[in-house]
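The numbering used here numbers the first residue of the sequence shown as 1 and each following residue consecutively.
Keep in mind the hints are simulated off the structure, nothing from the lab.
Among the hints, a few may not be true.
To be verified - Label pairs and their in silico Cβ distance ranges:
(1) Gln95 to Leu9: 45 to 53 Å
(2) Leu19 to Glu50: 18 to 26 Å
(3) Arg52 to Leu32: 38 to 46 Å
Unchecked claim - Straight-line distance between alpha carbons at most 16 Å, and here's what the computed EDC-like set of lysine to aspartate or glutamate pairs gives:
(4) Lys85 to Glu74
(5) Lys69 to Glu92
(6) Lys85 to Glu97
C-beta: ideal position from N, C-alpha, C; glycine also.
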Amino acid sequence: MMASKPANLSKPANIALDLVAWAMVHAATGYLAHCLPDRCYQSNSWLWRERRVEDGGRLYQRLRIQRWKPHLPEGGTILAGGFDKRHLHGWETAQLEQFVVETRRAELGHWLAVLAAPVFFAWNPVRAALVMPVYAVAANGPCIAAQRYNRIRLTRLLATRRRREKYSLDTKPTRPRSP
């Protein structure tokens, strides 16, 4: 059975520890996601796949993502070699594919932060500890949603582009006959 206050800290000390710990969790998970090579993010694994509930991005449109997404913090540029996801860096296929990789990288960092919430049971009273997963989802959920929404849109754009390129290669014009 878990004690009601495992670390026996004062309320202000608990709050200070929680603030510092969450800052460290966000920094560590962001750094870990940043350090993994691009190849870890290139396959369309189960974590990155679009879910039926996302309905081609319509779920996020119903949540009015376009209104609140611009107000989310952008952490991609904090670390050297980071990637700013506030805007596209070009329309070339390689640039769009890199953006998809970076949405996966950011999403992983946020999922890892959510998964760290149980650690807070180590020193918080049970009632305070139960708030930590709620905070984790509230703080990271909108960022995860933004990455997934952007990736759905980019993936659709890349698929359309590939179909057009394939079509244009399959229907090369024939040389006109000479008179």
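Comparing the hints with the structure gives:
Separated by about 49 Å at the C-beta atoms, Gln95 and Leu9 satisfy the suggested range of 45 to 53 Å. Restraint check, Leu19 to Glu50: a C-beta distance of roughly 35 Å breaks the suggested window 18 to 26 Å. A hinted range of 38 to 46 Å for the beta carbons of Arg52 and Leu32 is inconsistent with their spacing of about 30 Å. The suggested pairing of Lys85 with Glu74 holds, with an alpha-carbon distance near 7 Å, which does not exceed 16 Å.
At most 16 Å may separate the alpha-carbon atoms for a hinted pair to count; Lys69 and Glu92 exceed this at roughly 24 Å. Simply put, Lys85 and Glu97 have alpha-carbon atoms about 13 Å apart, close enough for the 16 Å limit, and the pair holds.
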